[in-house]
Structures are given as structure tokens and as C-alpha cells.
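Protein chains in written order, with numbering that gives the first Met the number 0: chain P, 0 to 269; chain A, 0 to 562; chain E, 0 to 483.
Bear in mind the hints are in silico, worked out from the structure with no lab data behind them.
These figures come from a predicted structure and were not determined experimentally.
Keep in mind that a hint or two might mislead.
Stated by the list, open to error - Taking lysine-lysine pairs in the DSS-like style, the calculated list, with each CA pair at most 30 Å apart, reads:
1) Lys224/P - Lys170/P
2) Lys20/A - Lys95/P
3) Lys8/P - Lys450/E
4) Lys170/P - Lys222/P
5) Lys404/E - Lys44/P
Claimed, not checked - Partner residues aside, some chain E positions facing chain A, computed with beta carbon under 8 Å:
6) Arg56
7) Gln57
8) Asn58
9) Leu135
10) Tyr163
11) Phe166
12) Gly289
13) Thr325
14) His443
For glycine and all other residues, C-beta sits at the position ideal for the given N, C-alpha and C.
Single-letter residue listing:
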Amino acid sequence: MIVLTPLRKFQFPVMAECISPDVFQGKSRDEIASLTVYEGNRRKKLGNLFKIEKESAENLKITIKGDVNEVRRIGSGMKSGEIMVFGNVGMHLGHKMEGGKITVHGDVDGWAGSEMKGGLIEIQGNAGNYLASPYRGSSVGMRGGRIVVSGNIGTDSGASMQKGVIKIHGKAGHFLGFRMRGGVIHVEKDVGDRAGACMTGGKIVVSGSLESILPTFTIDKMKPKVKIDQNEKVTGPFYVFLGDRSENGKGKLFASKAANPHLSSFEKLL
Amino acid sequence: MELLIKNGFVFDPINGINSEKMDIAIKNGKIVDSIQEKNAKVIDASGLTVMPGGVDIHSHIAGGEVNAGRLLRPEDHVKDVERKTAITRSGVGYSIPSTFTTGYRYSRMGYTTIMNPSMSPLEAKHTHEELSDIPMVDKASYPLLGDWWFVLEYLQKGDLEECARHIAWMMETVKGYAIKIVNPGGLESWGFGRNVHSIDDRVPGFDVTPREIICGLCKVNKMLNLPHTIHLHTNNLGVPGNYATTLETMKCLEDLAGDDKPVAHITHLQFSSYKGRDWRTMKSGAEEIANYVNNHSHLTMDMGQVIFTDTTTMTADGPFQFNLYNLTGHKWVNHDVETETSGGIVPFRYRRKNVVNATQWSIGLELALLIKDPWKIFLTTDHPNGGPFTAYPKIIAWLISKKARMATLKRTHPKAIKRSILSSIDREMSLYEIAVVTRGGTSKALGLKHKGHLGVGADGDVAIYDLNPESIDLPTDYKVVRKAFSRAKYTIKGGQVLVKDGEVLQEMYGKTMWLNVETDEPCRIPEEMKTKFRDYWTVEFDNYPVSDHYLRSQSPITVKASI
Amino acid sequence: MTIVKSVTCPVCGCLCDDIELVVEDGKVEEVKNGCAICESKFIGYRGEHRVLKPKIRQNGKLVDTTLQEAVKKSAEILANANYPILYGWSSTSCEAQRVGVELAEEVGGVLDNTAVVCHGPSILGIQEVGIPSCTLGQVRHRADLVIYWGCDPWSAHPRHVERYTTFAEGRFEGSEWKGYLQKFKAAAGRKKIKRVMKQAPVKNPPSIEPVTPSEPPQKMKKDGRKLIVVDVRRTMTAEVADYFIQVEPNKDYELMEALRALVRDQELDVNSVAGISVECLEELVDIMIGCNFGIIFFGLGLTMSAGKFRNIDVAISLTRDLNMRTKFAIMPMRGHFNVTGSNTVFTWQTGYPFGVDFSLGYPRYNPGETTSVDVLLRRESDAALVIASDPVANFPKKAVQHLVKNPLIVIDPHMNATSLMADVVFPSAFVGIEVGGTAYRMDHVPLPLKKVVDPPEGVLSDKEILNRILEETRKIKLKQVEAA
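Isolated chain P, as found in the complex:
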């Protein structure tokens, strides 16, 4: 196991895609310490920024102790192994991740799990905007894997999602699941405006209150329960809306009946 401890608080963005079990594997402590990172516009070595300790022979486990808010791209493209962070993490955590596990005991900044294909990201705190969403101009969203957030998440999460599961125990901001094509997003608490805008497939399940529903969604039925994955079903009852009609979409938006009395007017259309 490798333990990284930041030597100081970083002011400038630190690009550290090298912090990944796949990169560390088979390297000595010194080799790891001399991996390239950028701090602002200066090229540095990982050892300049972190205290690096090797606690066992295998490198498939990485532990980061302390806040690394400015450190970006940790676990980028990771395929196996495990990263544990005790503190807050910067942007692009687990970007293009394909396998393995990342656990954060703290908050993460934007674009966590973006373009993710597989693996598991668990966030004990809150997540920023664009969780599991693609970068500018791209329509390649999450294609597999699982993200679990204990706290709240920001806006524009799960955009263009194709596959996989995102589970949020807290609240979610606006434009959740924009242009979603597949997969499942479950939010236990409240969800902001315009959830599911332009979605053409997939499921968004809201157990809390849904701030508003787009006029281009149409009520389909009521359902007592909804399946999240093989292991989990959530009980409702739920209003089931279909949309988004602006895209002739067949996505499903589930909103808890109990938490959404303002949607009861739709019942007469059933």
C-alpha cells in the first residue's frame, strides 16, 4: 500500500493523473516520487508535493491522507486497485475509470466519474457539479459502473448517461440526467428543476420532492415500486412520467407521490 500525504496546501491546480494504482504498480517508492505532475504551469515531481510512504509491497492500494482540493484527475483511467482519500478531492476524480474502487471520506469537486466505464466510486461527503457528465461538446456520458454519494450533488449531473447506476442519498441540483439515454439515477431527497430534460431513455427515480416537471413530460401511470438494480427496489408509490417529448423520448421519470403533492393534479389524466 502507498500512502500519500500532501506536504502543504496547494494554491495552484495540480494535475496528477499519475495517482492511480495502474501507474504505481511495479514501481519503487523513488520511482513513484519522480512521476511527473504539474502544479500551475510548473512541472514538478510527485515527491515535491507529497510525502510518499510505501507500507507494503503491493501498490494496488493508494491512500491519500489530507485535503487535496486542488489535485485533479486522481485515478484517471484507472482499471483496477483501490484509492482511498481521507479529505476533500479536486476535479475529475476517476475520470474515464474502467475498474477498481475509489472511496472518498470527504467532498469531491466537479466532473467526478466523468466518462466512466466501470468500477465503483463512493463519496461519503458531497459531490460537485457535472458528476458523471461528459466534457464540453461530448455526448459520451457514463457507460457503466456505479457511483454512490452519501451527501448532496451539484447541478448538471448524469448528463448523456448511457449505462450504470448513480445513487444519491442527499439532494441533487437542476438538470439532472440531461439527455440521458440509459442507466439509472436514484435520488433519495429533493431534486432541482428540469430533471430529465431531453432524456430519451433510462430511469430517474426521485424519492424526495421534485421541484418542477417539464411541460414536455407526460404522465403514464402510478407504480408502487421501482427497481434500481438487481439488489435494490425502492418503494413508492411513484408517479411515472414519460419524456422528453421534445426529443420524442422514452425516458422514465419516477416521482414519489408522498413527497410531491403538487403533482397530484396529473392523477386526473390517468
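Following the hints, put chains A and E in place on chain P, whose structure we already have.
For chains A and E alone, coordinates are given in the frame of chain P:
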């Protein structure tokens, strides 16, 4: 500065030199007979292939359309970046590289002259600003003139001379090099969302047909004695069954061929050679086209080869791009330009396992191989429409090696093999023929007297590749050939070594070529234009021309017109 | 006295290039053809307090210094910075912007323009779905339906309607100015009465009838060009429109979505959207589908209200959908005269239109991460160069706090809020008046800017100042490399 390239195997098709071991001497930027070795920098080219610098006849590298494509596709850039070095500027690729990167990448492949084939006159300043930021190569641009209201009006009146004078004025005003015609009549129709579907459809709002535009401008081109022919993107491009339109277009120009010289260049021919009623039944029409071309001598063409990759399509053919958007549902840019033209952009991925894309890929190669005379059809991808220009070495490998073609064909959609006759073609091009389709032929078709050859007086633009024609068997060692053409051993421009072993040694800005067409009568056009200008455009007459300020370094070519 | 014709106006994205100036004794004395803003720019710029010498901060105070000193100090700041910001660019020439990109690349900084606080969302929207658009002349010649959405050209782009849209005379569509002019006069009269009544309270004020009823009026079926305005309040442009749609604040997204569904012949479950009845929307959609050439112009009302770039995404998507039925285009009403140019220049040199981060040695782009406001809010930068803009006056307070905490270089013809907080100040010549160059109109048409009068002695152009800083920075960087 003098430079001597010694003992290379020289391929210079314009001068009939085929793999001869000889020296090339350059003095003051030009090829000379001989120089004193002791005063010169010497490159030992023994065992290497020496060719004139590459001349690309059709590659969208600059201007409003290209830049709109760049803006549209951050996801295309992020996967392909160029770091700043002590010599070079930073930039991005992939399918629509930023300007500096464009220059470096062409130079790394041994290219020294690039023709930018699409420039809306109103936005010509933009094109020239970008061309000025493309280092390493000489360049020129073709203004889009086929649907310009003045052309339509004078052709409607049947006043060819007046039309010719306007074109001459335009060439000088926007610093253009050749008459570009795109989907004639279709672009004007697209102003109201319509299109023309045959060369005899009437253009809405004007009493002319595409046939009249093509023939009219072809005659105008002759009256003006322009070095290149009209540069034509046919009607119905990208539509199944369009090979018939293409043949009709070719036929309508037959009568205009007085001598043996070509009178038109049909560009990215692959996109105009489809048989079938719809995409389901689409198949290759290359054989019919090639048969016609083999029996006629009034045309030149370029391939418009498709590469299996993610690219960005962009043409002035607004209605075609709209159809492509309908087909893909992808991002779509449309940009119509008042009084002149239109334009569109759609990202596109050509997939091996898609039967249509695989057939398109076959057609490009079929055309290049079935048309017997390499002086008629040249290598292009219609960058970035068929794929980025960085794929040229791949195409060279397919042209010189049946083995290379079959290796790719085997991996395509199984039905594609039956939709073309590519698998039955045995022809394998020689290095000499490659030199024709990548420099000699293009330069000749463009009427560039100082480019594309290594005769005395030519520009000192030379590409040296790490290929020994005596020891290599091209068809088997196609991978070596591919490598060699993607990383020039040396690229020399105006006698300066710009690239060595595929790395940029020094940055240098080439010249922008344009035509200064001299007509007999003093030109009355500015006066007439001034009165009409505000009715046609939303800018002032004084602010329309491309002034010298917009050209970093220029090379005007004076042409004496016969009117 | 000389008359200079065909001058391009360096004020807004309309870039009117038919301005005539009367110049006497090196001063612009008269402006013809221009709007009020244009006139005040050409005449009024001289009246402003003009600083003629570079300044540098010493012991907390800005004091005059030499150009050489100011250049040296600036180069030191930039060369030593770990993450500098180079911001502004929208009110200078493309020629200066080109040097700017080179400087940003040299110092590994973040290059950003004012789009970040105006039409940045438009660009993000375009990057998601593209944009069916055209040049303004195409609108003039062909458009029979013009929609202004969340913008008020009457006040922000005063000659837009006259030169390019409803009032302009085109080949296929004529000018509609006569009818509108009467309406405009009536509207102006009503506003005047209102104002007078406010000032002198009258007992039982006469009721003023609203101009447009909420249902589409009969005249929408008239021949010729039609003008529709969608906005949250009744603007001056709305007063002259054939039809005004008042959308509930921050509900543009819902409204566009509903229109999209209706264009696709889908039924809606709800009876009204954003405060407008669905019947009304259906009629609107029929008008849109029924036109020969329609265009939507949108402004900050759309880019800066809730939804931001998704609003633009949906507006463009609506335009895409409409193209299945007729010809339709859409265009952002860009503000600063060369904001389009800076996006254009940045894009051809780096691949990206704004928010370009060079810290890794190559261009990188991720608005939200690499945009100046976000960098400042996260307090990451350690120096800044601001050119031709005034972020202290219009950035969020927290961003400004971080901006002024670090070394700050300002290049601007004016002394503005930002230069008062700066460490180095370069006065520069007015682009388009004292120095020429190129600018891009909102529809991407490039136009030359003219030098009409000489700048005050010793005052250089933005381009020259940047070139000197670049040269000096290179020297320092080279030394740094040699030392390492």
C-alpha cells in the same frame, strides 16, 4: 544559402525522372543546375527517396467554415494535443487542427504547398488571416463563385464577358486562386431551404440551371486564362445514384474541351460516384465513372478518400450537410452567406462495420486505381471530410499494395466487398505514380509552374523520405512505406531545411499565392459595384476587399486574360 | 477638414461600417449615419479623463513611470507567475489578440475573454448541438419572420433592426419601417404621458390600454415581414413588435421545450407554459412553421437567466427542429464590438474560443474549470493581465477580491475601476479611432477598423504594448531556462 542533396533516388514526374540517382542543387531558394559543393550545406541522400515537396490540391485548412468546425468540437481536440517547444507553437488536432499545428503536420509529411478550396468572398479576410497563421507551407484559396448573384445574373443575361470581368475583379479583390463551384444552383436554393436535384433544374429566383452555371463559368475560366480549371463539387453530392449526375456533368463539359487540356477539375470524386436508389441499395459507381474518364481527356479529379475514423465534415454545400445531419442527428452548423454561398458542418464517424461507409472507402480507392492515368486523379481526403490529411500515408499504402487494401477490406462490413470491385483490382502504384498523385499531377493541374517538380528554376521545395527504392518491395513492405511518408526524413522549403526525421527544425512562413487577372479594357466594375453594393451586401464597398494587411507574405501571379 | 467614409463603428456587435466622420484638427467633429452610442463614442471619447503615461504602484500609490519600466515590471510579474490570468480582449483588434495568445502561451496562463460573463453560455450551447445560422444580409434579403428573444436591440444594438432585419430592404423581402414607425411614435408618446403623469400626479389617471392583447393579433397573418419579441418585460423593441410574448422570468427553457414538442406535433398535458396558454403557443408554432425564412436573435435574457447554456442548447434545438419544416436560423446578439473576433482568433490558434488554459504547455479547455471567474473564485491565480475591459466593475465580488490581491497589469485607453486597483497601468490607443485593425461582426463577417485620428503622443496600441511585454517576458524566461 546553398543546399546540395546528393545521391538520392529522385522521382520528378513532370521532368520524367523516375528513380534516377542524381544530385539536386538549390541556390537562393530555387533549383539550379549545379553549385559548388564546398559552399553548400550538403545532405547525403544515398539510399533515400527524393521528391518535390507535396502539393495538396484540396484541403480545408482555413477560413470561417473550418474555424466553426474547430469551435464546434472541443471533444475532438482534447484527444490530440501539441505541446509548445522552443521552436513551435502549441496547438490541437485531431480532425480540424489549429493553424500552427496544421502547418507543422503537413511539413512533417513532406508537403510544401496547400490549396484551401473553399472561401466565401465576404469572409475572405478571415481565410487570409488564418492562412497567415499557417506556417511551413505556401498556400492559396479558391473563392466560392458558382452561386454568386452577379454570376447568376450575368449568366441569365448570357453576358459571359461581363461575367468574366466580375470574376477577374473578384479574384484580385479577395486574393483568390481559382473558381470554386459547389453544388451549382443548390446553394442559392438553400437560401430558402431548397435544393436542385439535376443539372437541368431551374434555380429559384433566377432563370438559370446548374448546367448553364458550370458551362458558363468554364468558358469564363478559359476567357480569363486562369492557371487552374474550374474546381467543381458536383450537384447531388453524397446522394445514392448520383454517379448519373456526375456523368452528365462530365459530358456537358465535353464540347468545351478544345485541345487536349483539361477544362474542369471534379473534386472529391468519391462522394459523387454512388449507384443505387437509396442508402440501403447504395453501391459503387466507380467503374462507370472510370470508364468514362479513361476515354476522355478534358477532366482532372481528386479522390476524396474516406478513412475509418471520427472526423468533421464541412462543405459549402448547405443542403448536403443538412441531409447528413438528418441522417446522423449529430451536431449541425449551417452558415449561409448573403449574395454568395452557404456552408455546413456535421461531425461524422466512418465505421468499418457500416456497409455504406465501407463502400465509400472502397470507391475512393477504386477510382484512383481504375482510372489508368495518374495525371488525372490525385490523392486527397477532402480534408477533413473523408478524414484528416494526416491519413495520407495510409492511403499511399493502399495504393501501392493490394495486400494493404485487402487487410483493411477484410475487416470491413462483409457485404461491402460485393458492392464494389475493389477486391478484383490488382493494380499497385509505383513510387513514381505516387509522386504524380501527390505532387507532379496536382501541380500541373493547378498550373503552378514552379511547384511540384525539381527542374531548374523550380522552387527549392523538396521532400526526402527514408525509402530505398532499390531494396524495398513496396507491396509487401507497405508498413515501411506508410511510416516513411508520415515522417519525412527531410522537408526542405525554399532551400531551408524545415523538418528532419519528422521533427520541426525551424518555423518558416510561406507565401499566399493569388491571381492578378489583367483584362484588356480598363475595369469599369468598381464603379458599377459601388452603385449596387449596398443592395447586395450589408458591408460597404470600401471594406470588402482583402488588403495587403491580411497577407503575411504574398506571391501574386499575373494572368493575361483574352478579354 | 476631412471626411472619412465607410468607418466601422467600434461599439457593439453590429459593427455598422457606413459611418462618416468629419475630422478637423485631429479631432472628430461630426458623426453621420451612426446611432447615439456610436456618436458618443467617436465624439465623447476625448472628453474622458485620459492618462497618457504608464503608471506603476509604488508604496501603495500609482505613479507615472516610463514605458520601459512598465514593460519590465509586467514581464517580471508574468514570467514569475505560476498561474496567471490574461483576461479581456473583446474591445481590441484581432491583431492584438493574436499577440495575446502568444503571450498567454509563453507564460503558461489562462486566456479568457469577456464572453465568460455574457455569451459564453451561447458557445457552450453551440458545442453541444451546433448552430444553424447565416450572415446578417441573408436575414435582410430573406427573413419574413424575425424573433428577438431576451434582447432589446432598440437600446443595445440600435441599428440592428434598421440595417439587418425588419426595417431593411432586401431582395426577397421589403422594409416594414413605415408601419412600425407609427407604432413606435405612438408607443413613445404613451411612455411620455406615463412619465408626465408620474411626475405631476393627476386625479383619476386615464387608463392606458396595453398595445398587444395576449392572443396573436390578426395582423400576424399579414403579408411581409413579421416581428415577434419574447422577453420578461415590455421593452422598447416589444412596443413596435407585431406580437409580444411575455415569458415568466427564468421560464424560457420550459417555453422552448414546449415549442419543440409542438413543432414535433406532440400533445402537452399542461394548459399553459411559462404563463402562456398552450393554444397561444400552438398558434405561435404555426406562424414559425409557416414562414419562408425565420430567425431567432437571442441576448443575455436567455444566456444569463436560469438554465444558462442549456437555454441556448434548447433554443438551437428548436431551430434545428424547425428546419425539418421550413428554413430557420438563430444568432446570438454579441455585445462588445470584437468579442466574436477574440473567440475566432483564439479558436484558430488554439482550437478553443475562450477559457484556454496553457499551464500544461498545450491548450486545454473546460469552462467551469479553466474560465477566469471560476479560477478567481477558487483563488488559484497569482497574477493577472487585463486588457480592454473592466472586470473589477462586473465580476462577482469574491472574484474581484482575489484579482486585486495579486499583481495586476492593466492595458486600457480609459482609467477604469480595474486600472485604479492595478500595479502596472498602460494607457493605450482607442482601437477603431486612433489605431486600425480587424473586428468580427456578430455573424462572423470580418471588417477593417480604421485609424481616423492620431493617438496622443507616446500612447501605443494594444498590439505594440503586448509585443513589448512578450519580448521582455521571453528574455526572462530564457534566463530562467538557462539557470535551470
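Hint check results:
1. As the CA atoms of Lys224/P and Lys170/P are separated by approximately 20 Å, the hinted pair is consistent with the 30 Å bound.
2. Between Lys20/A and Lys95/P, the direct Cα distance comes to roughly 53 Å. Violation of the 30 Å bound is thereby established for this hinted pair.
3. A distance of roughly 50 Å separates the Cα atoms of Lys8/P and Lys450/E; the hinted pair therefore is violated under the 30 Å criterion.
4. Our distance criterion of 30 Å between C-alpha atoms is met by Lys170/P and Lys222/P, whose separation comes to about 22 Å.
5. For the hint pairing Lys404/E with Lys44/P, the CA-to-CA distance comes to about 29 Å; that is within 30 Å, so the pair holds.
6. Checking Arg56/E against chain A: minimum C-beta separation of about 31 Å lies over 8 Å; hint violated.
7. Of the supplied interface hints, the one on Gln57/E is violated, with its beta-carbon coming no nearer than about 35 Å to a beta-carbon of chain A, more than 8 Å.
8. Of the supplied interface hints, the one on Asn58/E is violated, with its beta-carbon coming no nearer than about 38 Å to a beta-carbon of chain A, more than 8 Å.
9. The beta carbon of Leu135/E is positioned within 8 Å of a beta carbon in chain A (closest approach about 5 Å), and the interface hint is therefore held.
10. With 8 Å as the threshold, the beta carbon of Tyr163/E comes within range of chain A, its nearest partner Cβ sitting at about 6 Å, so the hint holds.
11. Taken as an interface hint, Phe166/E does not check out: its beta carbon lies about 13 Å from the nearest beta carbon of chain A, beyond 8 Å.
12. Hint status for Gly289/E: violated, given a least beta-carbon distance of 13 Å to chain A, over 8 Å.
13. Annotation: interface hint on Thr325/E holds; nearest CB of chain A at approximately 6 Å, less than 8 Å.
14. The interface hint given for His443/E holds, since its Cβ lies 6 Å from the closest Cβ of chain A, which is under the 8 Å cut-off.
The earlier numbered hints that this structure contradicts are 2, 3, 6, 7, 8, 11 and 12.
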